[in-house]
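Trainee: The primary structure of each chain is shown beneath.
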Amino acid sequence: GLCQPVWRFQVSSALKEGHVTPTELCQRCLALIKSTRFLNAYITVAEETALKQAEESEKRYKRGQPLGVLDGIPIAVKDNFNTAGIETTCASNMLKGYISPYNATVVQKLLDQGAVLLGKTNLDEFAMGSGSTDGVFGPVRNPWSYSRQYKEKSVPKSHSEDEESNWVITGGSSGGSAAAVSSFTCFAALGSDTGGSTRNPAAHCGVVGLKPTYGLISRHGLIPLVNSMDVPGILTRCVDDAAVVLGSLAGHDPKDSTTIQDNFKPFELPSLPDVSKLSIGIPKEYHAPGLSSEILALWSKAADLFKNAGAKVIEVSLPHTRYSIVCYHVLCTAEVASNMARFDGLEYGHRSDMNKSTESMYAATRREGFNDVVRGRILSGNYFLLKQNYENYFIKAQKVRRLIANDFLKVFGSGVDILLTPTTLSDAVPYREFIKEDNRTRSAQDDILTQAANMAGLPAINVPTALSERGLPVGLQFIGRSFQEKQLLTVAKWFEKQVKFPMIQLEEVKRHNHGIFQHQKSASFS
Amino acid sequence: LAPWVPVVGLEIHAQISSNSKLFSGSQVQFAAPPNSLVSFFDASLPGTLPVLNRRCVEAAVMTGLALNCSINKKSLFDRKHYFYADLPAGYQITQQRVPIAVNGSLSYSLCIDNKMSQMVTKTVRIKQIQLEQDSGKSLHDDRRSQTLVDLNRAGVGLMEVVMEPDLCCGEEAAAAVRELQLILQTLGSSQAVMAEGQLRVDANVSVHHPGEPYGVRTEVKNINSIRFLAKAVDYEIQRQIEELENGGTILNETRAFDSKLGCTVPMRDKEGKQDYRFMPEPNLPPLILYDAKSLPANMNHQQVVNIDWIHERLPDLPSVKRAKLVEQYGILPEHSFALLNEDGLTEFFENVVKQTQMKPKKVIGWILNVLLSYLKQHSLTVKESPVSSFMMADLLNLLERKEISSTAAKQVLAELWKGEGKTPLEIVKEKKLELIQDQKELEQICQAVIDGQENEVIMMVLG
Chain W
1 GLCQPVWRFQ VSSALKEGHV TPTELCQRCL ALIKSTRFLN AYITVAEETA
51 LKQAEESEKR YKRGQPLGVL DGIPIAVKDN FNTAGIETTC ASNMLKGYIS
101 PYNATVVQKL LDQGAVLLGK TNLDEFAMGS GSTDGVFGPV RNPWSYSRQY
151 KEKSVPKSHS EDEESNWVIT GGSSGGSAAA VSSFTCFAAL GSDTGGSTRN
201 PAAHCGVVGL KPTYGLISRH GLIPLVNSMD VPGILTRCVD DAAVVLGSLA
251 GHDPKDSTTI QDNFKPFELP SLPDVSKLSI GIPKEYHAPG LSSEILALWS
301 KAADLFKNAG AKVIEVSLPH TRYSIVCYHV LCTAEVASNM ARFDGLEYGH
351 RSDMNKSTES MYAATRREGF NDVVRGRILS GNYFLLKQNY ENYFIKAQKV
401 RRLIANDFLK VFGSGVDILL TPTTLSDAVP YREFIKEDNR TRSAQDDILT
451 QAANMAGLPA INVPTALSER GLPVGLQFIG RSFQEKQLLT VAKWFEKQVK
501 FPMIQLEEVK RHNHGIFQHQ KSASFS
Chain H
1 LAPWVPVVGL EIHAQISSNS KLFSGSQVQF AAPPNSLVSF FDASLPGTLP
51 VLNRRCVEAA VMTGLALNCS INKKSLFDRK HYFYADLPAG YQITQQRVPI
101 AVNGSLSYSL CIDNKMSQMV TKTVRIKQIQ LEQDSGKSLH DDRRSQTLVD
151 LNRAGVGLME VVMEPDLCCG EEAAAAVREL QLILQTLGSS QAVMAEGQLR
201 VDANVSVHHP GEPYGVRTEV KNINSIRFLA KAVDYEIQRQ IEELENGGTI
251 LNETRAFDSK LGCTVPMRDK EGKQDYRFMP EPNLPPLILY DAKSLPANMN
301 HQQVVNIDWI HERLPDLPSV KRAKLVEQYG ILPEHSFALL NEDGLTEFFE
351 NVVKQTQMKP KKVIGWILNV LLSYLKQHSL TVKESPVSSF MMADLLNLLE
401 RKEISSTAAK QVLAELWKGE GKTPLEIVKE KKLELIQDQK ELEQICQAVI
451 DGQENEVIMM VLG
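For the record, the sequence lines run as chains W and H.
With UniProt numbering, the residue at position 339 of the first sequence is 339, and numbering never jumps.
With UniProt numbering, the residue at position 346 of the second sequence is 346, and numbering never jumps.
For reference, chain W alone in the conformation it holds in the complex:
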């Protein structure tokens, strides 16, 4: 491993003390976005408005009245969150050019805290996918593809092959957000997580990816995939930052009837977390077929780390895990069929020129606006919702969902505090490998370790753990009890400190960010 400096530079205090101004920070991020354009992480860069926001932040700092820790901090938002005045496309032809008139609640909260919105990040179309490869703006490239760590380990098979064709995927569907954070173009990004869409790309891109408990953070303004499973996801470079962002986002929203009413109290994580009194569960079903031996070894090592720290580490069972993918497929496609019904070209979005009749206009609009992944899920979903199929598919899947959720309840009820699992089956695969299988196959494979937490509505987090043999990030996942984010993040922070995941060695980053990032292990803002 790399030698790690102990001292961590904190951007927030740098801003407070005037070592750097919000405008400078914003400009550097914008410049870095430009020079990392080949990553295709951003769909829209909101340069003008970002600089304005930075200016306003600067004024506040000069007055000595910053709004909080997030004031002046550049952030990025996945392009399935509504942003007023800034295009929201969901990486789909259906919403190309769509300018929403309102901000998603989470976006508004960040702006109210003074955060600087750099732009909207790339994703799989309508968040359907596990590679961030199936959007109309093209695939996102994993920044680690261009890292020294990866290049050192990759052996080109022939002369004609260059790094152009060797690049690896980010994972998905929040790949753009993960790449943006990983490549230092922003300090935090919003993703969404329905089956692992925040944790999966976080693992592949070597960043922290937090899926909060369902009902903790408002979904108002998040264009839905599966309403009963979606959550806004948080991507940062360290666990402390995730806790800060969580603190600014969580809490009841009257505009979202599925958020809990209880008052949320933002928390700070202990600087020296202690796991000795905890019980860590290792679910045996997560030793899934296809799990790479590398990751298996890391998982085992991690378990040992906890044991050595005095925690109780035990094997547990979540027997219905293997049904979760098939169950998810039924429930997800059913909700997709329903949620996509509004895209008819009448009120907003793409409208076909076909105008022979309303029906033909609808059909043409939807065929032109949606890619085949979306259309495939709509067809499947409608099939499952047909009267003659509803009982056998939808109701059955709901029952299985209940069983999956109960598995977790049982385990947590038996004294286990946190579950430790892998996040992905392997490190990131090269794009040309990934596209050999279709979206449905890939999703089924890749979601297997992350999906169940969405079924049960539980909080879960990916913590970057180590580099694989190929020099690519591998992460491990912690799953916690409902609304026990503090405990979850405390454990995650402890683990993060233990593993000391290396910083990405990226040429472009080095070039642009001397003062701030030079001696960084992981640039945090908290």
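Simulated from the structure, these hints should not be mistaken for lab results.
Possibly wrong hints are sitting among the right ones.
[To be verified] What follows is a list of derived Cβ distance ranges for each label pair:
hint: 1; chain 1: H; residue 1: Gln274; chain 2: W; residue 2: Gly68; range: 49 to 57 Å
hint: 2; chain 1: H; residue 1: Ile288; chain 2: W; residue 2: Lys399; range: 18 to 26 Å
hint: 3; chain 1: W; residue 1: Glu56; chain 2: H; residue 2: Met299; range: 37 to 45 Å
hint: 4; chain 1: H; residue 1: Leu52; chain 2: W; residue 2: Gln498; range: 41 to 49 Å
hint: 5; chain 1: H; residue 1: Ile288; chain 2: W; residue 2: Ser165; range: 52 to 60 Å
hint: 6; chain 1: W; residue 1: Ile99; chain 2: H; residue 2: Ile288; range: 34 to 42 Å
hint: 7; chain 1: W; residue 1: Ile99; chain 2: H; residue 2: Gln274; range: 30 to 38 Å
hint: 8; chain 1: H; residue 1: Leu52; chain 2: W; residue 2: Ile99; range: 26 to 34 Å
hint: 9; chain 1: W; residue 1: Lys399; chain 2: H; residue 2: Met299; range: 25 to 33 Å
hint: 10; chain 1: W; residue 1: Ile99; chain 2: H; residue 2: Phe30; range: 50 to 58 Å
hint: 11; chain 1: H; residue 1: Gly344; chain 2: W; residue 2: Ser357; range: 45 to 53 Å
[Said to hold, decoys possible] If we take Cβ atoms under 10 Å as the criterion, some of the chain W residues that face chain H in the derived model are:
hint: 12; residue: Phe137
hint: 13; residue: Arg342
hint: 14; residue: Lys387
[Said to hold, decoys possible] List of simulated lysine to any residue pairs, SDA-like, C-alpha gap at most 25 Å:
hint: 15; chain 1: W; residue 1: Lys255; chain 2: H; residue 2: Ser39
hint: 16; chain 1: W; residue 1: Lys255; chain 2: H; residue 2: Ser36
hint: 17; chain 1: H; residue 1: Lys73; chain 2: W; residue 2: Ser228
hint: 18; chain 1: H; residue 1: Lys80; chain 2: W; residue 2: Ser380
Glycine is no exception: its CB is placed at the ideal position from the N, C-alpha and C atoms.
On the provided structure of chain W, position chain H as indicated by the hints.
Mentor: Okay, now just chain H, sitting in the frame of chain W:
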């Protein structure tokens, strides 16, 4: 010929009287400029979520209680999917699995003959009441080959009242709906004005021979008044009977009532055989209602709907009001029906009674037979009556004190109707309508008449 048993079941959509819509904060208002009352949610902008309107829930609970229903303490919301220009989200949020109220009844009265002299009380069972969204309006411009869509109405709260098929003819349907209308208006849960689309009735009609299974039913829509409801139902019953007696079959179809022709016609095949692919609405948790027993001690009163609290505050329903009128004033039941049937008439009547010495039993005749027919003749509402209750009472007092005859009173009323501001007494003096009480004066007048008609008198005396 074997007798036919007609079976009529009604589905009634009542628009909830509330300031804002069922799941969004945009305003509810009739005849506003097109697309001026549309929130982001109503327009189905992606990412918007429904938020339940408390007033709409209370309206549905009130209505359920008034119709003797069981209120479900836990009810659920569902999505009903179909594509149509006036349905922006591609689905309607309704209550298909577990509605807010079930198993009620509605009592209504019919006159045996048309003279309203004998009334009989009947009951129709209420299957359920569900909360659901109204759709927008679409207008088809065939000339320019386009459809114009107005979303002002999209998302307005509706109570769908589903009746069991206990009715047998147009008259019963009309009477039942009229009573429901009065109940809703009394509660204030819906203004229930059919002409403004606040009350819409669809009739399911079928016929069968006694002892045989129910026949195929048709659904009749596009009924714009209670009068047309009776006509549409009766026409459809007749049509089906004739069709079957001629060896034909009844199609399970939707038909529209054509008020000009007075008949039902097959509707444009709007949807074909639709599978609505019902699915639970994932953005709305189950609706939990409380009563005094189940209400937790620390619960915020603002956050809950308490069924018992609503029950205690229900106003007198029409049936109760009628019974009270009969008891208090000694009028006949059919009189009380007529009073409640006309907006403001009861109040008018009671005001007159207060201000006159004439017995209510006599006043009622003047109100129902004279005043009401004037109003109907001139298509006026009670509120628009040029004759106030004060003037009416004044007039009836003159009659009661025998200062004028009943014929003269009618003449005075005709004058009052012109609304020229004269009092009854002034008109009586003007037109010399006073009853002459003096015996001598009467004799003089008679003598004068006889004197002037000598020949006729002789002829009369002789034979």
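Trainee: Work down the list of hints and note, for each, if the structure agrees.
Mentor: So, going through the hints one by one against the coordinates:
no., hint, result
1, H/Gln274 x W/Gly68: 49 to 57 Å, "holds (52 Å)"
2, H/Ile288 x W/Lys399: 18 to 26 Å, "holds (23 Å)"
3, W/Glu56 x H/Met299: 37 to 45 Å, "holds (42 Å)"
4, H/Leu52 x W/Gln498: 41 to 49 Å, "holds (47 Å)"
5, H/Ile288 x W/Ser165: 52 to 60 Å, "holds (58 Å)"
6, W/Ile99 x H/Ile288: 34 to 42 Å, "holds (39 Å)"
7, W/Ile99 x H/Gln274: 30 to 38 Å, "holds (35 Å)"
8, H/Leu52 x W/Ile99: 26 to 34 Å, "holds (29 Å)"
9, W/Lys399 x H/Met299: 25 to 33 Å, "holds (31 Å)"
10, W/Ile99 x H/Phe30: 50 to 58 Å, "violated (32 Å)"
11, H/Gly344 x W/Ser357: 45 to 53 Å, "holds (49 Å)"
12, Phe137, "violated (18 Å)"
13, Arg342, "holds (4 Å)"
14, Lys387, "holds (5 Å)"
15, W/Lys255 x H/Ser39, "holds (13 Å)"
16, W/Lys255 x H/Ser36, "holds (21 Å)"
17, H/Lys73 x W/Ser228, "holds (23 Å)"
18, H/Lys80 x W/Ser380, "holds (17 Å)"
Figure legend: structure checked against the earlier numbered hints; hints not met, in rising order: 10, 12.
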